[in-house]
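Protein chains: 2
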Amino acid sequence: MQSFEIDKTDLLRIKTALDGDDAELQEVLKDYHASEIAILFEKLPQEAKERIINTLSTEIASEVISEMTEESHPEDLLISLHPEKRSDIVEEMDYDVATDIISQLDEQDQQEILEDIDQEDATSIRALLSYHEDTAGGLMNSEVICVNINLDKKGALDEIIRQSEEMEEFYTIYVVDDHKTLQGIVSIKDIIKARSEAKVRDLVQADFVYVKAELDQEEVAKLISQYNLTTIPVVDDDMKLLGRITVDDIIDVMEAENTEDILKISGVSEDEELSGNWQDAVKSRLPWLIVNLGTAFLAASVIRQFTHVEEELPIIVAYVTIIGGMGGNAATQALAVTVRRISLSDLSDRQTYRTVIKEFLVGLINGGANGLIVLIFAIFYDKNPMLGLVLFLAMTGNLVVAGLTGAGIPLILKRVGIDPAVASSIIITTFTDCIGFLLPLWLASQLLL
Amino acid sequence: MQSFEIDKTDLLRIKTALDGDDAELQEVLKDYHASEIAILFEKLPQEAKERIINTLSTEIASEVISEMTEESHPEDLLISLHPEKRSDIVEEMDYDVATDIISQLDEQDQQEILEDIDQEDATSIRALLSYHEDTAGGLMNSEVICVNINLDKKGALDEIIRQSEEMEEFYTIYVVDDHKTLQGIVSIKDIIKARSEAKVRDLVQADFVYVKAELDQEEVAKLISQYNLTTIPVVDDDMKLLGRITVDDIIDVMEAENTEDILKISGVSEDEELSGNWQDAVKSRLPWLIVNLGTAFLAASVIRQFTHVEEELPIIVAYVTIIGGMGGNAATQALAVTVRRISLSDLSDRQTYRTVIKEFLVGLINGGANGLIVLIFAIFYDKNPMLGLVLFLAMTGNLVVAGLTGAGIPLILKRVGIDPAVASSIIITTFTDCIGFLLPLWLASQLLL
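If you read the protein sequences in the order shown, they are chains A and B.
So the first sequence is residues 1 to 449, counted in our numbering.
So the second sequence is residues 1 to 449, counted in our numbering.
Treat the hints with care, as some may be off.
Note: identical chains are not told apart, hence a pair may lie in one copy or across any two.
[As the list claims (entries may be wrong)] Below, simulated DSS-like cross-link-like pairs (lysine-lysine); rule was C-alpha separation at most 27 Å, straight line: (1) K15 x K154; (2) K414 x K8; (3) K85 x K43; (4) K189 x K199; (5) K43 x K414; (6) K85 x K180; (7) K199 x K153; (8) K15 x K199; (9) K153 x K85; (10) K180 x K199; (11) K153 x K189; (12) K30 x K8; (13) K15 x K85; (14) K85 x K383.
Don't read these hints as lab results, they were simulated from the structure.
In this text the structure is predicted, and so the values were computed from the model without any measurement.
Just chain A, same shape as in the assembly (with noise of 0.2 Å):
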């Protein structure tokens, strides 16, 4: 099986049933998965997928839109439909997904969704709004299977049955006392395979990882991925049960921190949607290229300081952007591989010196390695021997530089609590842009004039 790609046959297929009667349609649908006629409305305008949605069973409408993606905004589809059937699919939708979506709307178009739908599932998801989205809280899903703790066998299976027909799916069984406060989990084969006068007590396993519902979301991500957790729990402060976070709402949180990462290494703004128009993409990429443009001037009033290197030998300008440029590039291969490291496990402190101290002997290495290059080229090809000198000191004090800023930088803004992802390339380069001006033409002077 392969992933599902948008294919033009498909795309023409359902616009030619769109031409057609409802029937149709209906016809042509059921042969689409939800999440697979959810990649189709990337295709198609507003029209259509509200005519689709009105045709499509609550419960497959409600699947669709859960799984379109935010950059293709269900809450504009949802808001468009008619109230009924509109109550009709939220009231279907999983907590989680339903405040997703909700949320992106306006206060207004909020509270007419909500007053709506039956007050239950409204209290819920009302109650899941008040949660920052990118917390413990704003991923959780409310809806959890959960036996108390004094039941028997017959009455915890008889809850589980019971509580799970709203539910497709559920791994865990969570374990509360009277004052519904969590004491453990259990799992559903430990309560088949107990005796029939066993009690909830017996199986309880009260040694569980949960979160409290303030938790960074990156955290939680840590945790699920740190203890291969399916789900986890998720508690108020006084270890009441919330709701439970499942291991696939991580890969979406997984998958965002990953595109921020990238974006903000390479001086995009981070909420730049990746399919975005060009409009938004200057909005995100300008502000940055024009803090760049400030410091490039920085970098080139270097040279400004240097003209009289530059008109006795005016060789020297070539081999000056050839060390600056090489410092970039270093510069950007420490700095990826300290921020991926970061991202991924937080450094103690003697792993932060030791990365340092990596990264000044690969800048010295890589350095010098580059530098003999360029003397062996000074020497035959320019015949000059000092200027090759000149040249090997200044990629070895740049490529040091490089490195040290590098990983120096993102290790420093971890420590004072900034991201370490902005320190994106844009800036690392400024150092080593300044100081690979600066070598070369400050050793020229003391060296060859």
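With chain A held as given, fit chain B onto it using these hints.
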């Protein structure tokens, strides 16, 4: 709860306990989860790790070794253990984890381990070893819960309980016919809820997503994420069930693929270990830097062609470095967005076309805006409006080239089947350096001299 970080206190506690007797050590180890001991292992010498593993129960020891990261080389620890202890530990492991660890050893050590363990386990692990580690087969676990489609409720439940004895957790139950051909899936919930005379045949969901053993792991990850699956069955060409892949295995794949992307874009060899030593870092990065040194010479040779311009207009050198550098940064922005977008989903022809047009427009606007700033600077600081015009045109031109190469090169690579992430900023920057040096110098020679 916070994710576990290696703390000096924990390390000191373990080290002190290592000086004491086994009972003392056991007492201290009780306070740590298996995955926490695996993290502490990163900081402990080989003898200490062996001693701890020998002190722990087989069950916990097996979990600890399973949780060790690839970079802490669990295979070295495993092979150093007493053969009897080692066999007990391997037999306790999930087949897919055992296979991953054993596959890192040389042929002779692999045979030694496999000859010592239970024959059924050895056969399963040998079968898994035959799949390439980057495919569905290399990722799957062959331990699945699987029932015959002709069983009734009681028979199915008995079978599930019997098969689940050896498994820590299970999600989906697979249904096969008498020829072991996969017929569908069934949830434990549906079996429990079914009337006692129901057959598995009545409960099976015949519409499910599966993969062939040869499918690339990245495709498996896309499927699991696209269809929000917890687990996916792996089959051979005759639809015989071989095993299953769970979502937590996919998290590790995603982490690894993301690390690869970020490193490749930054010109670091994809297999550099993030916490590796400086010698390996030099080996991984120096080749890229030397390639770049060649391309930098190419770019610098452009400058050598225009020494007459520099002599008559020395100030242009400072501006040339600004325009070259800005082009590199804009190209890195376009590259990051495009590479990340490609790695999350496949682009249609139309999307490809629109991406290139978008980056062209972004380059035009961002280039024009930055060109304007430089133009103003040249007018007021250098009192040279014609120089300003030259710089404006050169900046705009270079940022258009940056957008087109930053988006175009990864898109072309993808089309011809090369990983687009290797279009590292180092390679893209060569284009913008050459054009960034050529444009202002050539325009100046035409318009100013």
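Do the hints match the structure? See the list:
For a Cα distance limit of 27 Å, the shortest separation of K15 from K154 qualifies neither inside one copy, at 53 Å, nor across copies, at 48 Å. For the identical chains of this complex, K414 and K8 are inter-copy neighbours only, at 19 Å across copies versus 47 Å inside a copy, given an alpha-carbon limit of 27 Å. For a Cα distance limit of 27 Å, the shortest separation of K85 from K43 inside one copy, 23 Å, qualifies, whereas the shortest one across copies, 58 Å, does not. With identical chains, the CA atoms of K189 and K199 are at most 27 Å apart both within one copy (14 Å) and between copies (20 Å).
In this assembly of identical chains, the alpha carbons of K43 and K414 lie at most 27 Å apart only when taken from different copies (22 Å versus 41 Å within one copy). For the identical chains of this complex, K85 and K180 are neighbours neither inside a copy (35 Å) nor across copies (44 Å), given an alpha-carbon limit of 27 Å. In the homo-oligomer, the alpha carbons of K199 and K153 lie at most 27 Å apart both inside one protomer (6 Å) and across protomers (24 Å), since each shortest distance falls under that limit. For a Cα distance limit of 27 Å, the shortest separation of K15 from K199 qualifies neither inside one copy, at 57 Å, nor across copies, at 41 Å.
Taking the closest pair of Cα atoms, K153 and K85 never come within 27 Å of each other, the shortest separation being 40 Å inside a single copy and 38 Å across copies. In this assembly of identical chains, the alpha carbons of K180 and K199 lie at most 27 Å apart only when taken from the same copy (17 Å versus 38 Å across copies). Taking the closest pair of Cα atoms, K153 and K189 come within 27 Å of each other both inside a single copy (12 Å) and across two copies (15 Å). Taking CA atoms no more than 27 Å apart as the test, K30 paired with K8 passes inside one copy only; the shortest distance there is 18 Å, against 59 Å between copies.
For the homomeric pair K15 and K85, the shortest alpha-carbon distance inside one copy (23 Å) is at most 27 Å, but the shortest distance between copies (64 Å) is not. When the C-alpha separation of K85 and K383 is checked against a cutoff of 27 Å, the pair qualifies neither within a copy, at 82 Å, nor between copies, at 68 Å.
In summary, the structure is inconsistent with hints 1, 6, 8, 9, 14 from the numbered list given earlier, while agreeing with the others.
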